[in-house]
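Novice: Now for the letters of each chain:
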Amino acid sequence: MSKYDVTVIGSGPGGYVAAIRCAQLGMKTAIIEKYDTLGGTCLNVGCIPSKALLDSSEHFHNAETTFKEHGINLSNLKVDIKQMIGRKAEVVKQNVEGIAFLMKKNKIDVHTGVGSFIDKNTIKVTDSKGKATEISTDKVIIATGSKPVELPFAKFDKKRIISSTEALELKEVPKHMIVIGGGVIGLELGSVYKRIGSDVTVIEFLDSLIATMDGTMGKEMKKSMKKLGMDVKLKHKVTKVENKGKEVEVTFENEKGESQTIKGDYCLVSVGRKPYTAGLDLEKAGIKADERGRIPVDNHLKTESDNIYAIGDVVRGAMLAHKAEEEGVFVAETMVGQKPHINYKLIPNVVYTWPEVAGAGFTEEELKEEGRAYKTGSFPYKALGRARASMDTDGLVKVIADKATDEILGIHIIGARAADMIASAVTAMEFRASAEDVSRMSHAHPTYMEAVKEACLTATENRPIHM
Amino acid sequence: MSLQIKVPEVGESITEVTIASWLKKDGDYVEQDEIIAELESDKATFELPAEAAGVLKIIANEEDTVEVGAVICEIDTEAKEGSKSSASSDKKEQVKAEPKKEEKKAEKEESKPSSSGSGSKKTGEVHEMVVPTVGESITEVTISSWLKSDGDYVELDEIIAEVESDKATFELPAEANGILKIIAQEGDTLEIGATICKIEVTEGGAPSAKKEGSADQSESKSSEVTTSGEETYATGHASPAAAKILKEKGIDPSNIKGTGRDGRITKEDAENAEKQQAKAPEAAKQEEKKQETPSAPKGERNQHREKMSSLRKTVARRLVSVKNETAMLTTFNEVDMQPIMEIRKKYKEQFKEKYEVGLGFMSFFTKACTLALKEFPAVNAQIDGNEMVFSDYVDMSIAVSSPKGLVVPVIRNAEKLSFNEVEAEVIRLAKKARDGKLSIDEMTGGTFTITNGGIFGSMLSTPIINAPQSAILGMHNIVERPVAVNGEVKIRPIMYVALSYDHRIIDGKESVSFLVRVKELLEDPTRLLLGI
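Keeping their order, the protein sequence lines are chains A and B.
One point on numbering: in full-length UniProt numbering, the residue at position 247 of the first sequence is 247, and numbering is uninterrupted.
One point on numbering: in full-length UniProt numbering, the residue at position 515 of the second sequence is 515, and numbering is uninterrupted.
Some hints could be false.
[Stated by the list, open to error] Derived Cβ-Cβ restraints for the label pairs, each shown as a range: (1) A:His300 with B:Asp435: 29 to 35 angstroms; (2) B:Arg318 with A:Gln94: 53 to 59 angstroms; (3) A:Asp119 with B:Glu248: 51 to 57 angstroms.
[Claimed, not checked] Some chain A residues close to chain B (C-beta under 10 angstroms, calculated; not the full set): (4) Asp36; (5) Gly337; (6) Asp392; (7) Thr393; (8) Asp402; (9) Thr405; (10) Phe431.
To be clear, the hints were calculated from the coordinates, so they are not data collected in a lab.
We put the beta carbon where it would ideally sit given N, CA and C, even for glycine.
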């Protein structure tokens with residue numbers, strides 16, 4: 001029986017990062033993965049493939065809508081969905097192979113199969129052929145991630161009623177895709193298919209899209225999606241979804257309770273994700289999942305069992321790859337007696353629609369609720385030379401600062417390249433920069449980041465230069 | 001003075017380099033350690049730092065191929081910054097610090113209504129002064145005293161502080177004209193390159209009694225909020241890396257003085273936090289103890305704590321490491337000092353008259369040791385890695401107590417010096433030691449040490465080797481003792497001598513014989529003359 005210092009269950013961005021950090025710190029490390037490829041949801045059926053399709057579809061969309069103005073004329077423009085999906089598969093392949101290489105490089109043993117606890121120090125790995133091996137381990141990191149939430153009245157049939165996983169593998173451009181849930185996944189995948197020619201209807205129960213982000217972002221997002229041609233229905237409640245063979249029928253009620261049924265060829269259910277612990281036999285390790293299926297952990301991400309930690313989507317907090325990565329590093333370092341810290345407030349939220357959306361720190365709504373005195377400064381992309389040059393003038397940067405001290409409390413960006421820009425916002429807030437601090441730092445011209453500086457100038461003393 | 005800069009040794013087998021480019025122009029003013037040129041060998045490219053601050057005079061041109069050791073440029077270290085042409089690429093922009101007469105005039109003519117009699121004007125530029133490189137192997141210095149106070153106007157090159165390293169004290173001149181903002185406090189220990197103070201650069205000389213023009217102040221006010229060292233909401237905020245380090249050390253960030261902007265705690269602050277912190281819990285413990293004491297003893301029982309000076313810390317560290325890393329032991333002997341005392345008595349006046357130095361014991365001991373060292377070269381040798389280094393000269397270290405503690409200046413080539421030259425050198429070095437003016441060069445490189453505990457009344461002691469040397473001779477007090485001379489009890493002035501040595505390199509036979517030889521030479525000084 002193989003014996004390890006630490007065994008990581010799950011090889012998503014939380015698990016594999018934890019394993020690498022453990023190996024770096026000198027622990028003999030194993031990682032268990034159910035699927036044949038490493039990388040978990042993120043690399044196989046999440047972040048990476050969706051970005052591949054988002055980029056492909058955005059190129060097509062630009063070719064169709066803005067190239068002419070750029071002075072580029074095309075004829076016979078059409079989507080080759082087979083190629084598009086094929087390229088995506090190649091991107092995924094390269095990434096997962098990269099992880100396999102990293103495991104080898106760090107001398108981490110990869111065990112393929114479902115990991116289940118026999119006791120808190122013994123794990124059984126059962127491969128797809130049913131062959132089981134046992135691993136003895138000093139410590140365990142559970143990083144089994146999450147699965148899409150199913151609606152009771154709209155079970156995934158993977159044909160007409162699909163989750164994000166199937167939406168990344170479609171063989172045709174849908175005529176009409178009905179998206180249930182106006183969160184990150186629904187809007188990203190909705191955008192993909194809208195751009196390449198599908199009609200897309202998004203039905204959201206709440207009164208805002210991307211509801212966990214700053215309110216301004218939700219509003220701007222709705223504008224963007226409408227501009228793209230999506231039918232966005234807020235405050236609508238889906239009551240029935242039926243696979244009619246070649247069609248799917250979705251019935252929903254508006255605010256006033258009036259019912260309506262629409263037809264499409266695909267219904268993407270993207271109403272969130274739930275922690276995934278199936279097959280782990282947690283109880284044998286003395287762990288009990290909470291009522292929402294999460295593994296309870298303390299501040300050190302330790303479970304009820306002393307030698308077992310859990311990270312990522314399977315524990316409390318935002319379900320984000322980069323949150324899981326931070327937790328992976330955190331746990332590995334904690335195990336060897338270091339004292340790392342994660343500032344959860346500064347884990348950025350990102351949506352890869354176009355324009356992109358990214359935010360970190362407090363939202364305006366949170367500060368209102370807290371009763372804290374704040375001031376805001378916004379700057380539109382429209383006023384940026386850089387944005388005009390690329391025709392990406394939709395969007396804005398919103399900076400929220402403490403009214404008294406000028407400390408930046410939150411930065412929220414919707415616009416081209418917001419996802420990359422948010423890192424600067426995190427840096428500024430990690431060092432507790434004031435809005436004026438950022439205003440006084442040189443920002444290269446012309447860049448999108450100038451909007452952040454200008455928004456900071458606006459927040460400081462309402463003195464933007466270019467407005 | 002002009003300093004020649006030569007092509008440094010860059011590696012074995014590299015005999016010549018090519019000057020890839022000059023980063024500074026002929027006549028530019030360069031700072032010490034500033035990169036002035038890029039050199040290329042057939043193996044790598046490397047940068048050439050200025051070895052001193054001054055005006056650059058280029059000798060070898062770009063693309064010239066020069067041999068290792070050849071002079072490639074000179075730096076005129078006496079030329080003032082003002083004489084530089086336009087080294088505007090210098091990031092510190094000290095050029096502006098120079099009060100330019102024309103500008104000053106123009107300034108006056110403009111006569112701003114707000115300048116209210118002030119002769120100076122802030123340029124808005126803040127010059128940051130850092131701990132300069134003071135010598136090899138010196139990594140930190142302690143601020144011994146500030147000669148100027150925070151907020152004082154200082155002039156370029158004016159001495160503003162005294163700084164001490166474990167080897168020497170030196171003075172810190174202002175690097176610009178302006179208002180001094182002190183950052184490091186007296187007693188603070190700083191690493192080379194750490195910020196000591198800032199100078200808010202002004203133009204046009206010292207301000208008159210009145211403070212800065214009010215307009216100036218209000219103008220700069222908004223920026224001061226974030227740039228000055230004042231306390232803000234972020235003071236004491238630890239950066240992510242710093243926070244982790246502090247947590248691991250179990251140190252509360254509120255006990256740390258951050259050196260980052262507005263007092264933020266940087267990673268470096270956290271890494272350095274240990275020392276200061278060690279104090280606090282101890283102090284707290286002490287307090288606790290006080291409270292626990294059941295019945296306070298009568299009488300005053302004050303204690304006070306002082307920070308160890310760099311010198312003290314270094315001495316402490318070295319002594320312990322010598323004890324731990326060498327196989328040290330001591331051999332003793334006694335010396336009948338009568339013959340030397342007689343010689344001194346006889347020739348004291350004449351000697352003094354001729355050489356203007358007194359004839360002391362040091363010259364006898366030094367000469368005796370140099371002779372004995374010649375005969376027992378291992379005692380004069382030292383271990384370097386897997387090799388033993390034998391010197392055919394004697395650089396005699398003399399332990400001298402100074403107000404700051406023990407220092408050990410070196411008498412070079414002591415074997416070649418005459419009695420009067422030894423005495424003169426001892427006096428010169430002792431005086432410098434007392435004044436704290438010894439340079440590092442004057443304290444490094446000794447091959448053997450003599451220490452005299454006798455001047456404080458020590459009868460017998462076991463001195464600790466002055467690493468990396470291998471032996472030390474301890475002199476003691478001279479006491480009249482009854483001794484047997486030719487079968488008769490006589491009263492003679494006797495000094496016990498001790499030789500501590502590193503048994504790794506010196507065998508017992510050599511060390512004992514060496515000390516016996518020293519004894520012979522001292523008891524019969526004629527031998528010194530004859531070398532027998």
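Novice: State for each hint whether it applies.
Specialist: So, going through the hints one by one against the coordinates:
{"no.": "1", "hint": "A:His300 with B:Asp435: 29 to 35 angstroms", "result": "violated (58 angstroms)"}
{"no.": "2", "hint": "B:Arg318 with A:Gln94: 53 to 59 angstroms", "result": "holds (57 angstroms)"}
{"no.": "3", "hint": "A:Asp119 with B:Glu248: 51 to 57 angstroms", "result": "violated (32 angstroms)"}
{"no.": "4", "hint": "Asp36", "result": "violated (37 angstroms)"}
{"no.": "5", "hint": "Gly337", "result": "holds (8 angstroms)"}
{"no.": "6", "hint": "Asp392", "result": "violated (32 angstroms)"}
{"no.": "7", "hint": "Thr393", "result": "violated (32 angstroms)"}
{"no.": "8", "hint": "Asp402", "result": "holds (7 angstroms)"}
{"no.": "9", "hint": "Thr405", "result": "holds (4 angstroms)"}
{"no.": "10", "hint": "Phe431", "result": "holds (6 angstroms)"}
Hints 1, 3, 4, 6, 7 from the earlier list are contradicted by this structure; the remaining hints agree with it.
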